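Q: Sequence:
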Amino acid sequence: MAHTSHTNPASHADRVREAAESRNGAASSALVASWRRSLKRYGLEPDERRTPDFLTQQALRLARQPLEQLLRVASPSLDRLFGSVGEAGCSVLMTNAEGIIVERRGMAGDEAAFRSWGLWEGADWSEAREGTNGIGTCLAEKRPVTIHQEQHFHSRNTAMSCIDAPIYDHQGALVAALDVSSCRADLTGAFSQLIAASVCDTARRIESDNFRAHFEGARIVMGERHGRAGAVLLAIDSDDVVIGATRAARQEFALGDAPDLDPRPAADVLSGSPAKSDLAAAERAELKRAILRANGNMSEAARSLGVGRATLYRRMNRLGIEPS
135 MAHTSHTNPA
145 SHADRVREAA
155 ESRNGAASSA
165 LVASWRRSLK
175 RYGLEPDERR
185 TPDFLTQQAL
195 RLARQPLEQL
205 LRVASPSLDR
215 LFGSVGEAGC
225 SVLMTNAEGI
235 IVERRGMAGD
245 EAAFRSWGLW
255 EGADWSEARE
265 GTNGIGTCLA
275 EKRPVTIHQE
285 QHFHSRNTAM
295 SCIDAPIYDH
305 QGALVAALDV
315 SSCRADLTGA
325 FSQLIAASVC
335 DTARRIESDN
345 FRAHFEGARI
355 VMGERHGRAG
365 AVLLAIDSDD
375 VVIGATRAAR
385 QEFALGDAPD
395 LDPRPAADVL
405 SGSPAKSDLA
415 AAERAELKRA
425 ILRANGNMSE
435 AARSLGVGRA
445 TLYRRMNRLG
455 IEPS
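Under this note's numbering, think of the first position of the sequence shown as 135, with each following residue one higher.
Treat the hints loosely; a few may be bogus.
[Stated by the list, open to error] Label pairs and their computed distance ranges (CB to CB):
no., residue 1, residue 2, range
1, GLN199, ASN429, 47 to 55 Å
2, GLY243, ARG157, 30 to 38 Å
3, ARG206, LEU328, 41 to 49 Å
4, ALA415, ALA347, 44 to 52 Å
5, ARG157, ASP181, 19 to 27 Å
6, ARG157, GLY323, 24 to 32 Å
[Claimed, not checked] Under the rule of at most 20 Å between Cα atoms (straight-line distance), these lysine to aspartate or glutamate pairs were calculated in the DMTMM-like manner:
no., residue 1, residue 2
7, LYS174, ASP148
8, LYS276, GLU232
9, LYS276, ASP258
10, LYS174, ASP335
11, LYS174, GLU155
12, LYS422, GLU386
13, LYS276, GLU386
14, LYS422, ASP373
15, LYS422, ASP374
16, LYS174, GLU152
17, LYS422, GLU434
18, LYS276, ASP373
Worth flagging that the hints you see were computed from the coordinates, not collected in a lab. Predicted model, so just to flag it, every value in this text is computed and none were measured. Positions of the beta carbon are idealized from the N, C-alpha and C atoms, including for glycine.
Starting from the given sequences, assemble the full structure and let the hints guide the process.
A: Printed below as a string of structure tokens:
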């Protein structure tokens, strides 16, 4: 069962207001910057006593609709993550880009507590609605965040800890947040760090699986990482043209962030500069591929290329390809 902490609501609200109003607090701390957004931009009050809002079933269905494929792909990863944190009194949640919870995993014994906290399908956890919190702040800042107990903006949320990572779609757009929430007062910092690593790994796996599912049939090439979060994946078609790239790949190869990627030769993208066009080299490579696929059987290679054996030998001779 989830446990509650015993934060004094008045002192928490005063501390949040004081920090958010300070001149240099927001500049020196990402947390205080979020508190300031909550207070100034969204007009929220830290000691506000409001019960969670839930969408109607119809509105929740509409919120889930654009994410149906992503949720299908994500399901095994969500199950694995829940398998590692569920026994510790945590729930696993997934939201859309607006912070609406659209999917959850939780232990039956914890359901009443999590529902009362609003950690349930259909609840709005955007920063504009709930102030600083794992889901909303992760989406607002587009980065993994952990909001632990008294780091929440609202006093009524200080019993919970929320650990989140953003999820980007096959076009590099932010579409979801993955969240592990706990209402246990005894959640330690070390355990939070372990969960945070699992949440980030799971979010990246979901992104990779979703990308591969979207570009099914294309060749998927993995680029090197240079310290950026996320899988550096390119989808390449049968003409060796890049037709898709993950957000990390778009950053790595400077492909821009337009939803529809401009098709580019894979050789140019991977080398970092336009390769010189060479028709003879392209023909040589195609002949070599055909011969290798035929295990050196020239008649079979010629057939696969749609030419006669004599024509194949003539072309090989012209391009300096040895029959061996």
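Q: With reference to the structure, classify each hint as holding or not holding.
A: Hints versus structure:
For GLN199 and ASN429, the hinted distance range of 47 to 55 Å is satisfied, since their beta carbons lie about 50 Å from each other. For GLY243 and ARG157, the hinted distance range of 30 to 38 Å is not satisfied, since their beta carbons lie about 47 Å from each other. For ARG206 and LEU328, the Cβ-Cβ distance of about 28 Å falls outside the hinted range of 41 to 49 Å, so the restraint is violated. At roughly 34 Å, the beta-carbon separation of ALA415 and ALA347 lies outside the given 44 to 52 Å, and the hint is violated.
Between ARG157 and ASP181 the Cβ separation comes to about 23 Å, which falls inside the hinted range of 19 to 27 Å. Between ARG157 and GLY323 the C-beta distance comes to about 29 Å, which sits within the given range of 24 to 32 Å. The straight-line distance between the Cα atoms of LYS174 and ASP148 is roughly 15 Å, inside the 20 Å bound, and the hint therefore holds. Restraint check: the Cα-Cα separation between LYS276 and GLU232 comes to about 12 Å, which is no more than 20 Å; the hinted pair holds.
Taking the CA atoms of LYS276 and ASP258, the gap is about 17 Å. The hint holds against a cut of 20 Å. Between LYS174 and ASP335 the alpha-carbon distance is near 34 Å, which puts this suggested pair outside the 20 Å criterion. At most 20 Å may separate the alpha-carbon atoms for a hinted pair to count; LYS174 and GLU155 meet this at roughly 9 Å. Taken as a hint, the LYS422 and GLU386 pair is broken in the structure, with Cα atoms around 32 Å apart against an allowance of 20 Å.
Of the supplied pair hints, the one linking LYS276 and GLU386 holds, its CA atoms being roughly 17 Å apart against a limit of 20 Å. As the CA atoms of LYS422 and ASP373 are separated by approximately 16 Å, the hinted pair is consistent with the 20 Å bound. For the suggested pair LYS422 and ASP374, the alpha carbons sit about 16 Å apart, so the restraint of at most 20 Å is met. Between LYS174 and GLU152 the alpha-carbon distance is near 13 Å, which keeps this suggested pair within the 20 Å criterion.
Restraint check for LYS422 and GLU434: the C-alpha separation of about 13 Å stays at or below 20 Å, so the hint holds. For the hint pairing LYS276 with ASP373, the CA-to-CA distance comes to about 35 Å; that exceeds 20 Å, so the pair is violated.
In this structure, the earlier hints numbered 2, 3, 4, 10, 12, 18 are contradicted, and the remaining ones agree with it.
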